[in-house]
Each structure stands twice: as C-alpha cells, then as structure tokens.
Amino acid sequence: MTTTTHILGYPRIGEKRELKFTLEKYWRGEIGQSELKQLGSELRNRNWNVQADANLSFATAGDFAWYDHVLTTTLLLGHVPKRHAGGSEEEKAFPDLDTLFRVGRGQSQTQIQSQKQPTCCGGKHGSESAQDGAAASDMTKWFNTNYHYIVPEFSKDDSFDVSWPQLFDEVNEAIQAGHKVKPVLLGPLSYLYLGKEVEEGFDRLSLLPRLLTAYQAILAKLSKLGVEWVQIDEPILALELDNQWVDSFKLAYQVIQGDVKLLLTTYFDSVTDTLDKIVDLPINGLHIDLAAAPQQLDEVVNKLPEDWVLSAGAINGRNVWRADLAAQLELLQPVKDKLGDKLWIASSCSLLHSPVDLELEETLSEEVKSWFAFAKQKVTEVSLLGAALDGDQNAILACETYSQPIVARKSATHVNKPQVQARINTITKALAERTAPYAERAAHQSEVLGLPLLPTTTVGSFPQTGEIRVQRSAYRTGKLSEAEYNTALKGHIADAVKRQEALDLDVLVHGEAERNDMVEYFAENLAGFQTTKFGWVQSYGSRCVKPAIVVADIEREKPMTVEWSTYAQSLTSKQMKGMLTGPVTILCWTFPREDISRKEITNQLAFALRDEVSDLQDAGINIIQIDEPAIREGLPLKKRDHAEYLEWAVDAFKISAASAKPETQIHTHMCYSEFNEIIDSVAALDADVITIETSRSNMELLKAFEEFNYPNAIGPGVYDIHSPNIPSEEWIVDLLKKAAEKIPAERLWANPDCGLKTRNWVETEAALTNLVSATKALRKEWESAEA
Numbered sequence: 001m002t003t004t005t006h007i008l009g010y011p012r013i014g015e016k017r018e019l020k021f022t023l024e025k026y027w028r029g030e031i032g033q034s035e036l037k038q039l040g041s042e043l044r045n046r047n048w049n050v051q052a053d054a055n056l057s058f059a060t061a062g063d064f065a066w067y068d069h070v071l072t073t074t075l076l077l078g079h080v081p082k083r084h085a086g087g088s089e090e091e092k093a094f095p096d097l098d099t100l101f102r103v104g105r106g107q108s109q110t111q112i113q114s115q116k117q118p119t120c121c122g123g124k125h126g127s128e129s130a131q132d133g134a135a136a137s138d139m140t141k142w143f144n145t146n147y148h149y150i151v152p153e154f155s156k157d158d159s160f161d162v163s164w165p166q167l168f169d170e171v172n173e174a175i176q177a178g179h180k181v182k183p184v185l186l187g188p189l190s191y192l193y194l195g196k197e198v199e200e201g202f203d204r205l206s207l208l209p210r211l212l213t214a215y216q217a218i219l220a221k222l223s224k225l226g227v228e229w230v231q232i233d234e235p236i237l238a239l240e241l242d243n244q245w246v247d248s249f250k251l252a253y254q255v256i257q258g259d260v261k262l263l264l265t266t267y268f269d270s271v272t273d274t275l276d277k278i279v280d281l282p283i284n285g286l287h288i289d290l291a292a293a294p295q296q297l298d299e300v301v302n303k304l305p306e307d308w309v310l311s312a313g314a315i316n317g318r319n320v321w322r323a324d325l326a327a328q329l330e331l332l333q334p335v336k337d338k339l340g341d342k343l344w345i346a347s348s349c350s351l352l353h354s355p356v357d358l359e360l361e362e363t364l365s366e367e368v369k370s371w372f373a374f375a376k377q378k379v380t381e382v383s384l385l386g387a388a389l390d391g392d393q394n395a396i397l398a399c400e401t402y403s404q405p406i407v408a409r410k411s412a413t414h415v416n417k418p419q420v421q422a423r424i425n426t427i428t429k430a431l432a433e434r435t436a437p438y439a440e441r442a443a444h445q446s447e448v449l450g451l452p453l454l455p456t457t458t459v460g461s462f463p464q465t466g467e468i469r470v471q472r473s474a475y476r477t478g479k480l481s482e483a484e485y486n487t488a489l490k491g492h493i494a495d496a497v498k499r500q501e502a503l504d505l506d507v508l509v510h511g512e513a514e515r516n517d518m519v520e521y522f523a524e525n526l527a528g529f530q531t532t533k534f535g536w537v538q539s540y541g542s543r544c545v546k547p548a549i550v551v552a553d554i555e556r557e558k559p560m561t562v563e564w565s566t567y568a569q570s571l572t573s574k575q576m577k578g579m580l581t582g583p584v585t586i587l588c589w590t591f592p593r594e595d596i597s598r599k600e601i602t603n604q605l606a607f608a609l610r611d612e613v614s615d616l617q618d619a620g621i622n623i624i625q626i627d628e629p630a631i632r633e634g635l636p637l638k639k640r641d642h643a644e645y646l647e648w649a650v651d652a653f654k655i656s657a658a659s660a661k662p663e664t665q666i667h668t669h670m671c672y673s674e675f676n677e678i679i680d681s682v683a684a685l686d687a688d689v690i691t692i693e694t695s696r697s698n699m700e701l702l703k704a705f706e707e708f709n710y711p712n713a714i715g716p717g718v719y720d721i722h723s724p725n726i727p728s729e730e731w732i733v734d735l736l737k738k739a740a741e742k743i744p745a746e747r748l749w750a751n752p753d754c755g756l757k758t759r760n761w762v763e764t765e766a767a768l769t770n771l772v773s774a775t776k777a778l779r780k781e782w783e784s785a786e787a
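Residue 165 in the working numbering sits at position 165 of the sequence shown; the count goes up by one each step and never skips.
Derived by calculation from the structure, the hints in this document are not laboratory data.
Among the hints, erroneous ones may be present.
[To be verified] Below are the EDC-like pairs computed for lysine to aspartate or glutamate, each with C-alpha atoms no more than 16 Å apart in a straight line:
| no. | residue 1 | residue 2 |
| --- | --- | --- |
| 1 | 558 | 618 |
| 2 | 303 | 324 |
| 3 | 156 | 203 |
| 4 | 737 | 706 |
| 5 | 221 | 259 |
| 6 | 546 | 506 |
| 7 | 558 | 615 |
| 8 | 479 | 495 |
| 9 | 410 | 594 |
| 10 | 776 | 506 |
| 11 | 661 | 362 |
| 12 | 757 | 433 |
| 13 | 410 | 595 |
| 14 | 533 | 362 |
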C-alpha cells in the first residue's frame, strides 16, 4: 500500500534565474542555440534529481518551457500563427526554437524584436506590431495567478500536426537518466478554452475533432516511449463552464483514451460543480487542489469511481509557507484507509508558482526561515507526507516536528499583533466613506487646486535609468551610504520636476526614483513583510518577479512617501501628486499569509495607507493617487464568489482613502483591465479621478463608463507607454475628442495609459510634449466653443 507521490511541475528558471540570463544572452546574439539547449538540459536534470533524491514515485517531464508551457503546447500541436510560421515549407512543417520565440516576442524584419512588455499590473496585453514584421501573440494571466501565458489563436481552417519534438525528447531524456517518468500535457479542452478566435463567424470549439486527432498521436508516441501515466491538465474544470464546454469533455476523452493511463488534473478551485460529469469520463484518476479548495475532499472521495486513483494536492504549490504536515496527515489518513494505494499525494498545482530553494536565503532569521518552504522543500514535504500515510513511524514523528514552527506562529504576539487587530475591529461602513459626496468634493477641489479644463498629468513613474539602478545596487551592497544615496535620489527627483515644468504639465509627480517596484517598496517600508534575495518566480519568458511575503499583522511604523513627495513639492509651485499602491494590489502581488483571510490582510494594508494619506495631505500634498491595477485580477475564479470579494476589496480602498479631506483629490489607476463586469464596483471606489488604459482600444473601453454613466472624473490613457512609438499631436487630439463624446469635457483628464518607468527620457519627453500641445489646442477650441 505504498503511497504514490509526485508533483505537477517544477520551476524552470533555475535557482538563480539561470534560464533568464541565458535566454537574454541568446536573444542578444551572444551565444548560440547549442549553449542555450545545454543549459535547458542541465536545469531539467537538476529538477528531476531533486524529485528522485526526495524519493518521489515519478519525475515529472514536459513541465520545462523555454518561454511558456501553453506556447510549448502550441508548437507541439503544430499550431503556429501563420505570420510566424516561416517562409519555407520545411519551416512551416517543422517549427524550431526561433519560431517559438517569434510567437512569444514578435520580430521585425530589421531584427528589432517587438517583445511585449508587461503592464504595471501584468494583466492582459494586446499585440504590439513590429515595423515590417510580425506581432507577438497576446499574453494574459494564467487563471488567478501572476504567471502569464501566450494566448493560442484559432481560425476555422486550422489544422493540428504533431511537429515539435520537445515533449518526446525530454521524456526520453528523463528515461535515459534512469527516472520513472510522468509526462504533463495541457488538455485539449483547456487549450481551446484559453485561446481566442482571430476571425469572426466561427466557434473555436468546432476545432475539437481535429485537435483530438493530434492528441491521439501525442499519447500514442508517449506510450511507445514506455510511459504508463500521463498527467493531463484540465484546469478549466474549476471554472463555471457553459454546458457546451462541460459536455465536450466526454467526447474528447472517449476519443483519446487507450494508449496510456490518464490522470485528469485540476487546480486553483473546487471541481464539485462538474464532478458528476468528471466521474463519467473514461480516465484513470483525478487530481484535486486541496490547498485552494479543501472542502471538496469528502464529496470527491464519495463519488470517486472504484478503479480510479485520487491525487490529493495537499502541498500548496502557490505559496511559500511550510505545510502543517501533522494536520494534513490527520485529514488524509481516513482517505488512505478507504482508498489504500489508490490515494496519491502531490503538490496542489505546479511548483512553477513558488521560488526555487529556501536554502539560498542565508540572511533570513532561523525563526522566519522555519516558516517557509520553497519548491525544493515542497518536494520533500510531498515525500514525507506520503511516507507518514504509509505508517512509517519515523515519518509520522518527522511530520509532527516539522509542523511545530507553523503551529507556534498561531499564538505569537509578534505575528498576531493585538494593536493591529483592535484597529481592524473598529471597521464600520461609515469608516470607509469620505466626509462629502463627489459633487461637493469636486467644487472644493476646483477652488483649491486651480486646475484648467482637461488637466494634464502622468500616471506616476518616470524612467528608471541605468544610473538609478547602479546607485540602488551600490547602496544595497554598502558602496553608497544612506546619506549619499538619498542625495542621489533627490537629484533624480529634482531633474524629473524640472523636466515636467519645462513640458508644462499641470499636475506633477516625483517620478518614483526611490522605488524598485511599486509593491516591493511598500513591503520594505511596512512592518509585517519579509523580502528575500532569491525568491524569484517566473512571470513569463525571461521576466521574473520577487514577491514579498506577508509574515505578520501589517502596520505602518513611520511615513513611507511623505519625505519624497514634500521634497518634490518644495521644488515647484504646481500641484505635486503623492503616489501610493493600493491595498488590494499589494495583496495580489505578494505571497499572503495562510492563517488569516485575504480580506483581513487587505484591511490591515488599508489602515496603513489611510495613515499615509493623512500625513501626505497634512504635509501639503493635495492630490494623492492610490493605484489599484490588480483589483480585477483578484476576482475569484467562480462568478458566484465575485460579489463578496468585490465588496471587501472596494471597502478596503475606501478605508485607505477616507481620511482625505474634501479638498484633497484622490486618484486611482487601473491599467489593462476589462471593466464591463465590475464597472459598478469601480464606481463604488468613489475616487475623484480614475486613470485607465484606452489608447490600444481606441477609446472603446470608455463605453463601459459611458453606458454605466460613471459619475466622477476620468483620465483615459491617450497613448500606449509600452510601445516606443511617439504619439502624434493629431492622434492624441483625435482620441480625446472621442473620449469627450462619452465623458463630459469638464470631467476629463489627459495622461499616458500607464507609468513611464520602462521608457527612456527621449521617448518620454517627446510623447509628453505632444500630449501637452494636443491638450492646449483642444482646451482652446472647447473654451472658444463654449464662449
């Protein structure tokens, strides 16, 4: 009755982001493909050895991706967009690694690669055209994670041919290295669902029969390689699916069954909605995510077909916390008693979403380190829990010992702070309300701020130059003292203010030279967070992020932004905008605690920001922006859970802003969000001004605000900061006129669509010059018409 143990996937970036740096060398032409492939082989073998050393039953193969696993599936299926397929018939039939990079990054004929850049929120991105070249495919969030995938594109004449050997090569590589291999494959329904139609008049689900033929061929090839089990991922089963999608699963799995055993893998939420359909499928086992939805366990066990295995995703693959193995053992022992060797133990989802190795974090205190488990440690947790369920007394004792630090945290007063909890208990609806309605506030603000019609501003950040990065690195390594570093930062702020005054912008910003990241900066300045040195996770391609970790109740011990904003205000007579990141966005872009709710964490953040708003306005900062780009991406996967989330998310923003006096103008920024389904919640934020992305959509996004009759002021982004293209004055005038057809001119602002951190100063000043000129021309035209 030995328990089978496995993981759903392992990080591919390497312990110190080796894949990132090697990819970027290859893209720059500094190394050849053979050197790149050698690094990939080294990483894969290292990952398989971690699993073997922990005595897992399987080594998972097919989880390695050069850019993104959905894009890898696209090439596996021979489903390359025509603009990237290459000129020769051989290139079209046999795509190579450069084909993959063209789809993910885009490429121009002049070798200026149109790599898509992330938005500040890392949300959905449109394709960015390359001059005389091919645009990269769209990229969007992988469910409710901070990972991005390349969106498959579907046309009615698409065909699918197994023409990309990576999966089979890597399975064979693992077998030759002596591992018992379990390949992972994105399932056919999820692959279709996660894509988009690129031509009108057809439904991509109609492609399913053709797609299944390719899946039959893939599974047959894996069977010939000696594979017994295939992990076939169908994460869409955790969504609220239309009947046509749910009903298609039976046909699909009837067609592809036979050559190997199939473990149908789901994650990120419960599958109880579709469980009755799932148990009728001709498969051999089911994986469920017990970290995201532990409540589904009993129903799944009761309905599980007698001959199926149940893979219990007991170890959270999406967070950094050490598992309470003693509690998991208690939960799963009755299931083990019932199912015997048909119970498998696994990570909840791929460990792609976890940092790689906690052992590298030498600067963490022993106590804090004892709370965490990164990917390598989670592999050991899976193995240890499996051995304990088999009755290994040493493993049972080890589980109890291992759990002690997590159990001890629950009563630690430096983790659960009475003063913070007492403040949370004071929350009432009234606490989240401004002292005056918008119409009254707008009148106060008009008098105090003295802004013209169609005010101009930017979203917050200015170019993070090489000089800034060098100085930040020197400060962190001790080569620059704090005083020297602060002097350097003030120089960059003064430069940004001077440039903005020369441009004649109406509302200025200090440029955020002191901030490495819009969330990490606040995590470093709030009590209750822990940052790491090597806690990197992949966002997409070579892009990695290093989320901070919420380790205790959060409180603000001192002002975080006041010094920088007031210094910038002292340099100009124009209005200076204070810049804060909102509570929901800080929550979404960090690793949260697992012992309290996301709502409670967000409320703690809201109080800290509320205090910062008070201090900013008391210091003479009359305009304060609280960015919330992640408010939509924080939505639960199931629509029935949206209302509850949106209620507390909106309340948290309002708590953070409600200390503002009527004459203090509160802005918020949301970029690359689809607002239609949450427009009432966006309005409920009651920000005086909201800035949004609208340039890519040619102001189409404003329809949501027009149809809803959005009551407050709006700054529609009039140019795309993620493109190096400089918008013409005429282009901006045209967009603003379109905006004025939907939103009254007296409630319009003019601004870029996002922060300017990733641009250089030449591009920034050229674009803003045209923005200001266009706005002045329109202002004159509208004022003349009114007169």
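So, against the hints stated earlier in the document, which numbers end up violated here?
2, 6, 8, 11 and 12
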